[in-house]
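Below, each chain spelled out in residue letters.
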Amino acid sequence: MTRWSWAALPFAAGLALIAFPPWGLIGPGPHERAAGDALALDADAIARGRQLYREGRLSDGRRLEAIAQRDVVLSGAEAACIRCHQPSGFGASEGPVRAPPIVPSALPGRAPATGLGTAEPPQAEPARVEGLEARLTAALLHGAGGDGHALEPSMPRYRLAAAEVRDLAAYLASIDVAASPGVTPSELRLATLVSDAVPAAERDAFIATLEAYVKAKNGGSRLEEARAAHAPWPERNEYTAYRKWSLDVWELSGPADTWGDQFRRSYERRPVFAVVSGLANDSFEPVAGACEALAVPCLFPITPLAGPRDPGFYTFHFSRGVVLDAELIARELCELSPPVAEVVQVYADTPASRAAAAALRAALERQPPARCAEVPRLRELRWDASTPPIADRLEPAERPRAVVVWLGATALEVELAAAAGKDGATPWFASTRLAGVSPAWFAERCGQRDCSVVHPFDDAAEARDLRRFGAWARSRGLAVTAPRVQLEAFFALLQLGEAVMHVRRHLVREFVLETIEHAAYRSLVTAGLPRLNLAPGQRFASLGASVIRIAPGGEVTARRWRVP
Amino acid sequence: MTARRLRPASARAWCSGNAALLLIACASSPAEPASEGPSAGAEAAPIVARRADYRASRASYEVPDVELLDQRAERVSLRALASEPRPLLLSFIFTSCGAICPTLTATLAQAGRELLGTEPGLRRISISIDPENDTPERLAAYARRFEAEPDWLFLTGTAPDIVRILRAFDAYRGDKLAHAPLTFVRRGPISPWLRLDGFTGAAGLVAEYRALATEP
Numbered sequence: 196m197t198r199w200s201w202a203a204l205p206f207a208a209g210l211a212l213i214a215f216p217p218w219g220l221i222g223p224g225p226h227e228r229a230a231g232d233a234l235a236l237d238a239d240a241i242a243r244g245r246q247l248y249r250e251g252r253l254s255d256g257r258r259l260e261a262i263a264q265r266d267v268v269l270s271g272a273e274a275a276c277i278r279c280h281q282p283s284g285f286g287a288s289e290g291p292v293r294a295p296p297i298v299p300s301a302l303p304g305r306a307p308a309t310g311l312g313t314a315e316p317p318q319a320e321p322a323r324v325e326g327l328e329a330r331l332t333a334a335l336l337h338g339a340g341g342d343g344h345a346l347e348p349s350m351p352r353y354r355l356a357a358a359e360v361r362d363l364a365a366y367l368a369s370i371d372v373a374a375s376p377g378v379t380p381s382e383l384r385l386a387t388l389v390s391d392a393v394p395a396a397e398r399d400a401f402i403a404t405l406e407a408y409v410k411a412k413n414g415g416s417r418l419e420e421a422r423a424a425h426a427p428w429p430e431r432n433e434y435t436a437y438r439k440w441s442l443d444v445w446e447l448s449g450p451a452d453t454w455g456d457q458f459r460r461s462y463e464r465r466p467v468f469a470v471v472s473g474l475a476n477d478s479f480e481p482v483a484g485a486c487e488a489l490a491v492p493c494l495f496p497i498t499p500l501a502g503p504r505d506p507g508f509y510t511f512h513f514s515r516g517v518v519l520d521a522e523l524i525a526r527e528l529c530e531l532s533p534p535v536a537e538v539v540q541v542y543a544d545t546p547a548s549r550a551a552a553a554a555l556r557a558a559l560e561r562q563p564p565a566r567c568a569e570v571p572r573l574r575e576l577r578w579d580a581s582t583p584p585i586a587d588r589l590e591p592a593e594r595p596r597a598v599v600v601w602l603g604a605t606a607l608e609v610e611l612a613a614a615a616g617k618d619g620a621t622p623w624f625a626s627t628r629l630a631g632v633s634p635a636w637f638a639e640r641c642g643q644r645d646c647s648v649v650h651p652f653d654d655a656a657e658a659r660d661l662r663r664f665g666a667w668a669r670s671r672g673l674a675v676t677a678p679r680v681q682l683e684a685f686f687a688l689l690q691l692g693e694a695v696m697h698v699r700r701h702l703v704r705e706f707v708l709e710t711i712e713h714a715a716y717r718s719l720v721t722a723g724l725p726r727l728n729l730a731p732g733q734r735f736a737s738l739g740a741s742v743i744r745i746a747p748g749g750e751v752t753a754r755r756w757r758v759p
Numbered sequence: 049m050t051a052r053r054l055r056p057a058s059a060r061a062w063c064s065g066n067a068a069l070l071l072i073a074c075a076s077s078p079a080e081p082a083s084e085g086p087s088a089g090a091e092a093a094p095i096v097a098r099r100a101d102y103r104a105s106r107a108s109y110e111v112p113d114v115e116l117l118d119q120r121a122e123r124v125s126l127r128a129l130a131s132e133p134r135p136l137l138l139s140f141i142f143t144s145c146g147a148i149c150p151t152l153t154a155t156l157a158q159a160g161r162e163l164l165g166t167e168p169g170l171r172r173i174s175i176s177i178d179p180e181n182d183t184p185e186r187l188a189a190y191a192r193r194f195e196a197e198p199d200w201l202f203l204t205g206t207a208p209d210i211v212r213i214l215r216a217f218d219a220y221r222g223d224k225l226a227h228a229p230l231t232f233v234r235r236g237p238i239s240p241w242l243r244l245d246g247f248t249g250a251a252g253l254v255a256e257y258r259a260l261a262t263e264p
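From first to last, the protein sequence lines are chains L and Y. Going by the numbering used here, 644 is the number at position 449 of the first sequence; the sequence numbering is gapless. Going by the numbering used here, 151 is the number at position 103 of the second sequence; the sequence numbering is gapless.
It is worth saying that the hints were derived from the structure and are not from the lab. Any given hint could be a false lead.
[Said to hold, decoys possible] A short, non-exhaustive set of chain Y residues, derived as facing chain L with CB atoms under 8 Å:
1. Asp101
2. Ser144
3. Pro150
4. Thr151
5. Ala154
6. Thr155
7. Tyr220
8. Leu225
9. Ala251
10. Ala255
[What the hints assert, rightly or not] Away from chain L, derived, C-beta distances all over 12 Å, residues of chain Y:
11. Glu110
12. Arg127
13. Gln158
14. Glu197
15. Leu260
Just so it is clear, CB atoms sit at the ideal spot from N, CA and C, and this is done for glycine as well.
Between the sequences and the hints, there should be enough to build the whole structure, so can you do that?
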């Protein structure tokens, strides 16, 4: 062989290892998995175990009872395993209390789970359930760990029948997968969503940011496959965590209520592990519903309207969007001095605008008497391209009045210009989020009118984050032309990137989501928010916003972070 | 061109160079989020007892003068509460807490129920460390989960005020998920606080209170 052939040998070896990997992560092929399916434990046992694990309820509906710290009685939801061991079964830390993983393959001395995730419903392989029952009995009833040592008093003691322990074991075995769908031996598949109504410049900056991050990620791991072949220590599985990221851009077109179906179709064609960020100029609610139904993480979409108050488990939001803005504006309206007798609300026929108007209506009615002695009369004006300017539709104000405008930038620009010099004493209220502009944009256009705008970012946090993001962007040769959108995209990518590093080869969606819940606090950027409100059960990073008052002439006179 | 094999000397240099980089990386890892020592306003807490699962110590804390909301959305002054001539049990919680607060709150519930028999004036206070999420409504639902008696106030406020209170009690750990199990006990407004760091269990908390109550 020539010397060039010798040089090619390591590459050939590396390639061979990628094509025919020896490590156990890949597991049985489709034909072997079919054989395993025939032995699956019954779905009823798994369902009973699920109820125990997640709700703390026994099969007859009675609450599960437990004793913690030797004599503290906990029951029902307080006693449920999920509280500490989390939906994924991988556990978590809270202060000094650490709940370890309890899925079978994560227990010490057990073989790693085999088979990558599919869309099939969970099965429980009997081999995994045996032995697990004995471990659970020892831990739950006797407070004994795997090697017989006493478990911490934080771990409660339970009284369970053998059948109930078996059900729990079946459930734990059923959630024990090596990886969720969207993961291949070499690839972590991701997608993002972009609505076609977003301005091209914003869309391009958004996609460029995502691509720059993915490129950096993949660049950092390109040598890992080769290194894995020559790992000097036995734990080669660790290197299998370095998969290439691939990113699909899925377009959303037409009205927002069709977006859920479009998303589903894209997902069915090519399942992904998670949807990272997303640029939607209208309500994300239909998509969030699909994320929940498909159990796909949807991480921090950029949207003016998040969706329902209880968004479920799989979608992380920056905030409740314009609904939050409406609640804050309701507060501001009630605190105006002199108090306003009438509020004129202008909305367009889009889901986000209609939702904002409905939220303001509801919020005004809900204001406590202490804050709103007399709730102002609410008048609503529907806006479209053919309606006359707002200023022309309002008769001169006899009593103090305020106008709330739920419109996008183009419409707002026209309306503000048309209203110049008319009804100058009436303050206008708007949302930068819905309009897609910065507070400075308003300051330049409100003229001699008092304007108050709700803005999702905190002054100091935004400045700090733009500095940090700017530094990263410069290092990647990425131009920052749409800073707010790019910062929010970067934030979503950062959360996913950090979480994926933390979970290593356990690319299980629920575990990744839980990692984000716990680690977001330490994030390098907080997307311009003063604090992140993420935690188990909490899916809105921000519960407040800045309320910015712009005096006649365009000077910002007040900027306060407020929570409804 | 001859293929250059890695000579032993340069291999060694490569290894030691990388080892140095590794050491530098470890040494300069980012600083832990604020897990500060006693903050201004809290005197150093001398350790007076060390039991198996928790640590007990005495301290004086200056309660900040902040206005909070209770579970009925009524305004309360924290300093006024702390000045009442009543025995006090105080904890820091948040309603979506999983591992620590349910046990701590259930402990306060069980121990308080027993103590109320002999201490009818007992006051329990649980302050949320997740104030933006923990509205009065959420706190009221939380109180119902533990069947809290009327003496027990669940308080929330603005984020900056809550941080002030946490710092005053040397309980600020930055992230709410990094919080520690802490219970504070005080016989009356001029007594020092007993700081219980860890889980006492219900009987343990009752015992700590009674021991405190028998002291001059």
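Hints, one by one, checked against the model:
1. Asp101: Given a least distance of 6 Å, the restraint on Asp101 of chain Y holds.
2. Ser144: 4 Å, holds
3. Pro150: Pro150 of chain Y check passes; min Cβ-Cβ to chain L is 4 Å, inside 8 Å.
4. Thr151: 5 Å, holds
5. Ala154: Check passed: Cβ of Ala154 of chain Y comes within 5 Å of chain L, closer than 8 Å.
6. Thr155: With a minimum Cβ separation of about 5 Å from chain L (threshold 8 Å), the hint on Thr155 of chain Y holds.
7. Tyr220: 12 Å, violated
8. Leu225: Result: holds, 6 Å to nearest chain L Cβ.
9. Ala251: Hint holds; Ala251 of chain Y Cβ to chain L Cβ min 5 Å, cut 8 Å.
10. Ala255: 11 Å, violated
11. Glu110: With a cut-off of 12 Å, Glu110 of chain Y remains clear of chain L, as the shortest Cβ separation is near 24 Å.
12. Arg127: Label holds. Min Cβ-Cβ 22 Å, cutoff 12 Å.
13. Gln158: 6 Å, violated
14. Glu197: 16 Å, holds
15. Leu260: The claim stands: Leu260 of chain Y keeps its Cβ more than 12 Å from every Cβ of chain L (closest is about 20 Å).
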